[in-house]
Amino acid sequence: MASPESAVNGPTMTAGAASKSLRNAFGGVIAFIILVLIGVLAFSIRLFSVIKYESVIHEFDPYFNYRVTQFLSKNGIYDFWNWFDDRTWYPLGRVIGGTVYPGLTLTAGTIWKVVNSLNIPLSVETVCVFTAPIFSAFASWAAYLLTKEVKGPGAGLTAAALLAMVPSYISRSVAGSYDNEAVAIFALVFTFYLYIKTLNTGSLFYATLNALAYFYMVCSWGGYTFIINLIPMHVLLCIVTGRYSSRLYIAYAPLVVLGTLLASLVPVVGFNAVLTSEHFASFLVFIIIHVVALAYYIKGILSPKMFKVAVTLVVSVGLAVCCAVIAILIAVVASSPTKGWSGRSLTLLDPTYASKYIPIIASVSEHQPPTWPSYFMDINVLAFLVPAGIIACFMPLTDSSSFVILYIVTSVYFSGVMVRLMLVLAPAACILSGIALSEAFNVLTRSIKNRKKEKENVEKKPTPSKTEKRLLVLPLEASVIAVLLLVLLGAFYVVFSVQVHCVWAAAEAYSAPSIVLTSHSNDGGLHVFDDFREAYSWLSHNTDVDDKVASWWDYGYQTTAMANRTVLVDNNTWNNTHIATVGTAMSSPEKQAWEIFHSLDVKYVLVVFGGVVGYPSDDINKFLWMVRIGGGVFPHIKEPDYLRDGQYRIDAQATPTMLNCLMYKLSYFRSDFIPIHKTDGKGFDRVRRTEIGKKHFKLTHFEEVFTTHHWMVRIYKLKPQRNRIRGKTKKSKSSRSVSSKRDVRGKRNPWH
Amino acid sequence: MGRSSTVKETQALFQSLRSAYAATPNNLKIIDVYVGFAVLTAVIQVVYMAVVGSFPFNSFLSGVLSCIGTAVLAVCLRIQVNKDNKEFKDVAPERAFADFILCNLVLHLVIMNFMG
Numbered sequence: 001m002a003s004p005e006s007a008v009n010g011p012t013m014t015a016g017a018a019s020k021s022l023r024n025a026f027g028g029v030i031a032f033i034i035l036v037l038i039g040v041l042a043f044s045i046r047l048f049s050v051i052k053y054e055s056v057i058h059e060f061d062p063y064f065n066y067r068v069t070q071f072l073s074k075n076g077i078y079d080f081w082n083w084f085d086d087r088t089w090y091p092l093g094r095v096i097g098g099t100v101y102p103g104l105t106l107t108a109g110t111i112w113k114v115v116n117s118l119n120i121p122l123s124v125e126t127v128c129v130f131t132a133p134i135f136s137a138f139a140s141w142a143a144y145l146l147t148k149e150v151k152g153p154g155a156g157l158t159a160a161a162l163l164a165m166v167p168s169y170i171s172r173s174v175a176g177s178y179d180n181e182a183v184a185i186f187a188l189v190f191t192f193y194l195y196i197k198t199l200n201t202g203s204l205f206y207a208t209l210n211a212l213a214y215f216y217m218v219c220s221w222g223g224y225t226f227i228i229n230l231i232p233m234h235v236l237l238c239i240v241t242g243r244y245s246s247r248l249y250i251a252y253a254p255l256v257v258l259g260t261l262l263a264s265l266v267p268v269v270g271f272n273a274v275l276t277s278e279h280f281a282s283f284l285v286f287i288i289i290h291v292v293a294l295a296y297y298i299k300g301i302l303s304p305k306m307f308k309v310a311v312t313l314v315v316s317v318g319l320a321v322c323c324a325v326i327a328i329l330i331a332v333v334a335s336s337p338t339k340g341w342s343g344r345s346l347t348l349l350d351p352t353y354a355s356k357y358i359p360i361i362a363s364v365s366e367h368q369p370p371t372w373p374s375y376f377m378d379i380n381v382l383a384f385l386v387p388a389g390i391i392a393c394f395m396p397l398t399d400s401s402s403f404v405i406l407y408i409v410t411s412v413y414f415s416g417v418m419v420r421l422m423l424v425l426a427p428a429a430c431i432l433s434g435i436a437l438s439e440a441f442n443v444l445t446r447s448i449k450n451r452k453k454e455k456e457n458v459e460k461k462p463t464p465s466k467t468e469k470r471l472l473v474l475p476l477e478a479s480v481i482a483v484l485l486l487v488l489l490g491a492f493y494v495v496f497s498v499q500v501h502c503v504w505a506a507a508e509a510y511s512a513p514s515i516v517l518t519s520h521s522n523d524g525g526l527h528v529f530d531d532f533r534e535a536y537s538w539l540s541h542n543t544d545v546d547d548k549v550a551s552w553w554d555y556g557y558q559t560t561a562m563a564n565r566t567v568l569v570d571n572n573t574w575n576n577t578h579i580a581t582v583g584t585a586m587s588s589p590e591k592q593a594w595e596i597f598h599s600l601d602v603k604y605v606l607v608v609f610g611g612v613v614g615y616p617s618d619d620i621n622k623f624l625w626m627v628r629i630g631g632g633v634f635p636h637i638k639e640p641d642y643l644r645d646g647q648y649r650i651d652a653q654a655t656p657t658m659l660n661c662l663m664y665k666l667s668y669f670r671s672d673f674i675p676i677h678k679t680d681g682k683g684f685d686r687v688r689r690t691e692i693g694k695k696h697f698k699l700t701h702f703e704e705v706f707t708t709h710h711w712m713v714r715i716y717k718l719k720p721q722r723n724r725i726r727g728k729t730k731k732s733k734s735s736r737s738v739s740s741k742r743d744v745r746g747k748r749n750p751w752h
Numbered sequence: 001m002g003r004s005s006t007v008k009e010t011q012a013l014f015q016s017l018r019s020a021y022a023a024t025p026n027n028l029k030i031i032d033v034y035v036g037f038a039v040l041t042a043v044i045q046v047v048y049m050a051v052v053g054s055f056p057f058n059s060f061l062s063g064v065l066s067c068i069g070t071a072v073l074a075v076c077l078r079i080q081v082n083k084d085n086k087e088f089k090d091v092a093p094e095r096a097f098a099d100f101i102l103c104n105l106v107l108h109l110v111i112m113n114f115m116g
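These protein sequence lines map, in sequence, to chains A and B.
FYI, the numbering for the first sequence is 1 to 752, going by full-length UniProt numbering.
FYI, the numbering for the second sequence is 1 to 116, going by full-length UniProt numbering.
Okay, chain B solo, but in the shape it has when bound (with noise of 0.2 Å):
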């Protein structure tokens, strides 16, 4: 009895998650696809790690952590653009997305020095 009440309230659970995600704007919805994709490419790695070995441990770092890099930018980015953010209201998002290019030049020219 109380595990059907579980399984309907974790029903509606989703279900209202799914629509309130639903009205989150579109760019907002294309960084979330970004960071997925970042997220997803990263656990790809470390699956390929786990068969092959580490032996340059140094690209795998790199590799691993550039994906994580460029998640993590993407989320900063993404509250920084937010509308709703009430803390973020005066900046603009041009500006936030050029610190987003700026901080993920740097990640990624250690990026390349450090893979090897």
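Bound-form chain A, shown alone (with noise of 0.2 Å):
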């Protein structure tokens, strides 16, 4: 056996053997290295707003989750669980412990509880902030494990960095945007991750924490029906194209036993984890898998005749059992007029079904169908490369590559659906990106290796062809070439315009807090907006603790949050004839919406107004969704009353209906006087860039109370009632009816 060559072959194979493992552990380290840096760019990018503003929690949700989360610290865990707010949806109040997903606020909670008994001061505010850029680091990192098991390393750390950047994450997970997406991909992209691991590996151990993740992923974020469909689907995928192991059966079984009572445990899910149709596709193929195991067990321990046999049998027997048992189900089912489905659901598989039978699903701005340049601006170059990633997917078509596709095209229908879930397609494209481009690089140096070692060893001849049969290689120049543009393109295109345009839209379009907002003045100097922090502050300073404000429900969290005032409605807007009582007080003329504001026990009206200084989201371009809300639940408001030429106009065209609603009152009340314009005196509404129509107006049932520096938000007070006996009046109200006789003399206070 020992010949001269292989004794010549045997110490320059160690040699071999040992240079390639100290390769491995350079790479090893180098893909560590790169692995820190990419955690790093994914904080950093999100970190604009803090640099270009403050430290402060932006838009509307977020106010809810901070106010939860500082409940949360200051009370403990039981006080949460059982907390019933009654500063909200003012005389029915909220369940905060079942109706909240507690996932995000628990992990914040956590790390300040940690980070403080460390002996690091962080306040509640900060940890709430930062929340949002350390998962983003995190759940790069699980990209990075989720397409290694894919692809490769290399794929791995690719989509790793892609997803760091990608502007469609960085909008919902930039510092202050505490909001459930900011754990929930971490825990999306981190629950497939295992899943696929333990589908590659067969191992219960993966198994587990597979469960375990989809139950962090569960109370995060109601996103996790996307899971529990998904994984079933593929499931069934590989079943039919006949890829059926017994992994499958490790990945999927324990999955749907322990995923269901761990959802069940969280109280938001309960018993829906059981009932509704979400999640009987996952029952569906928990059934189905455990017949197909028990085929493929009896046909390995038969004969093939018997199996015939047993088939004919079965057959004919199950399916009679089985058309009954489908009948039960769908009578069932059907019986339920939303069939089991729930109003978010139906409006994900039906995209025209909310705006016809629950309008204020249709009316969140999230909620609408992306337009094609937000695919360009979210996502970037990666929109192209996703159909090669495709490609390369199936060159070796095996059970994790099959996922990804089902995954990719999945996401790609519901993000055409809702622009909000541009966020699930986000992970998913920049996997396919990074394999994409993994995969182009391999192709590449591969051919040209191929090459030098064929033009080395020419006796070696049989071996290369081989490999050329099966590998895929290109001839030498082009390869080269080829290689060189694509690190060029890379460099230039793929990376640095890539990094250009995410960096600008993180710094740009993604970073405003939307509660303060700046504008450019003509010398070039920054002015800034604060009237909605100005306006709260008034409000926690000027009025009683119990008194109720009214407002249309965008601005619900963050008054309760900042001004610490009952509100009648929020952004939760589970309560839909409420929302739409409130709606309709605002379409009404002054003195019925006196009375179901006094009905409800309200003080105050908030009104966002931005005629003024030119914001576009004020209260009275919202206004066709008050009255189309207010209409869906009281029918004396219709809407083409507020109609003219099928559009909702305030100038001197409008419908007398429109003029003397309250919503257009308390919007432009004095706005005739506002000494900011040129052309005071004239009323000109630089939003809708017309005047008004009905000018010079005295309010009867409402006062103004406060209107912020640039006229963004204005507080309206109820009057008392005019005819009740002065006794009475006195006795209760002392300090209105003084106020109340001072304006009649004529002098208005605003301040008071």
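Read the hints as simulated data drawn from the structure, not as lab findings.
Some clues are possibly wrong.
[Said to hold, decoys possible] Have a look at the derived ranges for each label pair, beta carbon to beta carbon:
1. GLU94/B to ASN564/A: 54 to 62 Å
2. GLY76/A to GLY36/B: 44 to 52 Å
3. TRP504/A to SER59/B: 54 to 62 Å
4. GLY98/A to PHE97/B: 33 to 41 Å
5. ILE77/A to PHE97/B: 33 to 41 Å
6. THR352/A to ASN113/B: 36 to 44 Å
7. GLU94/B to GLY98/A: 40 to 48 Å
8. PHE26/A to GLY36/B: 52 to 60 Å
9. ALA295/A to VAL43/B: 19 to 27 Å
10. LEU109/B to ARG533/A: 39 to 47 Å
Beta carbons are placed, not taken as given, at the ideal position from N, Cα and C, and that holds for glycine.
Got two chains here, separate frames each, mind docking them using the hints?
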């Protein structure tokens, strides 16, 4: 056996093996360093709003989460689970413990507790603001792990780098955007990674971890139904394409049982985990996989002839039983009007459903379908790399690559229905683009390497030709040029331009806290509009603690969090009738609106008006939804009453119903005296770009108590009833009668 | 005529099934008995619920899912321990059993929490 050739090859073989292991170790260290850098990149690109404005919580929903986290940190977890909030949805209240997804608040609360126990004095607000960037770094690492399982570490690193930078994910996870998606995307990618890992290794340990990661996802976001429907779809796909293996059973069956149990533990989900249609797919595929597993087992222990007999027997008997069971199931499901699906899921399946039946869901701007440019804005050049990635997944089609393909297809469909679901598309696009880029580099460098080897070892011709048959190899000159081109293009366009685009998107487009607005004045200076916080702090300093404030539901969370006053409706929008009541009040004439508000014990009404500074998201622009939602519940509000030629107008052509409604009056009261404009006295609305229709009117049932500096937020107080017996008025509300007397004298003091 | 041949074929089928099953090793048969016991317990619970009503629904859910869960996990253990499975020949049976124990621990912790 010891021929001279093998003796010569012996030492070189061990030297080759040693250098190979050294190269592997070196590669591992480089991969680790790259991962750390990716984490730092993901964290720092999201810090623009903290640098430009301040460390403040953005938007509307994060204020609610912040308030809940404050409560948790102050009162502990048992009070948090049992919390009944009476400062919102005024006469009804809200069971916070049972209606909030606790993952985000528990995560931030735990981080705050751990950090404070180590004597690092971070406030709750700081922890809340920076939770999202930290978890985006974790999400990039999870994307690396997932893509490494599918294709290899090179693809993993590329996918992680792309996910750290992709603008769609940045938009929902900047520092200050303290919302569920901040941790949910990390949980999503991590759950998928553990599922693929279980599928590849067949280990029950990873199946347990998978179930626990799924539990974390259920705690964090309502989008967990995507996981519990995508994984059964993939299992079904594997069974149908003949890729059933026992690893598939181990990956899926424990997940269903443990996952359903863990999902029922979360109070928000509760028994919906077994009763709603969103979960039925998982149970159906659970039964199917058991049938298939049994079939394969019997096939394994029987001879083929006997197996055929078994099949005919089972098919004849089993089909009858199956039909009976399915008929019963269909009857049970069809008896409920929504077929067991929740409103939001129905909107996802039938995009026209919400606009026909549930105007609340249709009115949220995040639930509109995205436009084509938003795809390019949000995932940039990845939109072109995704199809290449899909093809690369087919090159060897494995279980994991079929899963990734299914993921991207479903997420593209759902992102086309609602623009906020572009966020679910982002990790899929990054993974596939990473696979595409990595495969391109692999093919080109392999062809260069093979050609070089062929040139050097002429005797070993059979081996290269064999590898040439299996692998894709291109001509040398073309491949060298292609690699150089790809590297240049990659460096210049993909990395440079994407980096520039992503950084620009992060800095300019997605970092606005939307509670503080800025604009550039003519001499280049920055002008800050801090009207919202001004109004909320006025409310918290100048009103009683128990006063109720009515406004449109957008501002509910911010009012309870920052002004600390009870509101009627807020962003949770769980009670359509209550929101319709407020909408009706805003659309009615003054007297009827006063009566509605008085019956709800409201003292102050808050209105957002952008006509002076040109702020487009004010209440007049949202007025159409108030009319539609109010009209959906109270039939005396008819939308055509407010329309002239099918449009909402506020100029002289507006309908009398529009000119008399409360929203018009509260927005444009005294606006003809605006001193900021050069056209004062004429009442020019900068957003609608017309003069208003009715000017110089007086309010009979409301009085203005505060208007912010740029007229963006206006607060009105309900006047007490006039035709009451004097004694009663004097006894209960003496301060108010004093103020109304002062008004009658003529001098208006807006600061009272 | 055809019917008696079908009956004979069915009998031959059951005979071959029984003989093939008798050839499986003892440890796998023990696991199969355990799976059968778990499924039987689940069926008894469902029948009881149909008779008595499902009032503490979480208790019913946790009971049934605990039985089904242990059955599923035992089947996974059987898959991993079975010497005929080529994919799992480098997994030691002790490792498979340890995974099984861990998963059962998590399952029963959740069950005890959910039962109420």
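Hints, verified against the model:
1. GLU94/B to ASN564/A: 54 to 62 Å: holds (60 Å)
2. GLY76/A to GLY36/B: 44 to 52 Å: At roughly 46 Å between Cβ atoms, GLY36/B and GLY76/A fall inside 44 to 52 Å, so the hint holds.
3. TRP504/A to SER59/B: 54 to 62 Å: holds (56 Å)
4. GLY98/A to PHE97/B: 33 to 41 Å: holds (40 Å)
5. ILE77/A to PHE97/B: 33 to 41 Å: holds (36 Å)
6. THR352/A to ASN113/B: 36 to 44 Å: holds (42 Å)
7. GLU94/B to GLY98/A: 40 to 48 Å: holds (44 Å)
8. PHE26/A to GLY36/B: 52 to 60 Å: holds (54 Å)
9. ALA295/A to VAL43/B: 19 to 27 Å: Holds - the Cβ-Cβ distance for ALA295/A and VAL43/B, about 22 Å, lies within 19 to 27 Å.
10. LEU109/B to ARG533/A: 39 to 47 Å: Since the Cβ atoms of LEU109/B and ARG533/A sit about 46 Å apart, the hinted range of 39 to 47 Å holds.
The structure is consistent with each of the numbered hints, conforming to all of them.
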